[in-house]
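A.B. asks: Chain residues, written in single-letter form:
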Amino acid sequence: DAGVIQSPRHEVTEMGQEVTLRCKPISGHNSLFWYRQTMMRGLELLIYFNNNVPIDDSGMPEDRFSAKMPNASFSTLKIQPSEPRDSAVYFCASSLEGSFEKLFFGSGTQLSVL
Amino acid sequence: ILNVEQSPQSLHVQEGDSTNFTCSFPSSNFYALHWYRWETAKSPEALFVMTLNGDEKKKGRISATLNTKEGYSYLYIKGSQPEDSATYLCALNQAGTALIFGKGTTLSVSS
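Protein chains in written order, with this note's numbering: chain A, 1 to 114; chain B, 115 to 225.
Among the hints, erroneous ones may be present.
[What the hints assert, rightly or not] Below, in silico cross-link-like pairs of lysine-lysine (DSS-like), each with a Cα-Cα straight-line distance of 30 angstroms or less: (1) B:171 / A:78; (2) A:102 / B:172; (3) A:102 / B:192; (4) A:102 / A:24; (5) B:217 / A:68; (6) A:24 / B:192; (7) B:156 / A:68; (8) B:171 / A:102; (9) B:156 / A:102.
Just so you know, the hints here were simulated from the structure itself, not pulled from any lab data.
Take the sequences, apply the hints, and build the full model.
C.D. replies: Written out as structure tokens, the structure reads:
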């Protein structure tokens, strides 16, 4: 298996633009997570899905952020409009369902909003 | 807000030294405690998942213990090597929640 695939690896955009981050989880995994990594907050959970259904989106910073999982093999995280404070590394991770299952992380998307 | 605390924030050791770090967490509603290893320019990779009080896990020179009653876990590295240099993250599962990560302990091992 290729592992969790994220795209793009790097994104540089200007303030106000829409940004879409993409994630393909490991085949057979039914839990998917979006995390954001910053120096100040570390690795913080944004949202997670079980069987394509959003379970907890309390970590989504504000209405500018939205996430979808239209099917078991694809998820998007969208920021509209983007702001400089959104600059961070965004990780997608997947796992089998259950608290005892380890997470497999993608390579991350380095987002810079100018 | 669920708080997972790790200490120290960073440390530097010499090759061959043994070291350990601490992860502290709320003991209520405990489900599982994970440890991840995160090398620079890579993604976090799972080391251990522990669920039972008194659990001990071992992988080569790295081991971990768990105390769910008092809310802490220790990660030990025996005979540190330069390739052990990384950030070590612990993460907590409470009932019905996703993994919440600590900020990590960054280990640097000099040869």
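A.B. asks: Okay, which hints does this one fail, numbers in order?
C.D. replies: When the structure is compared with the hints, numbers 1, 6 turn out to be violated.
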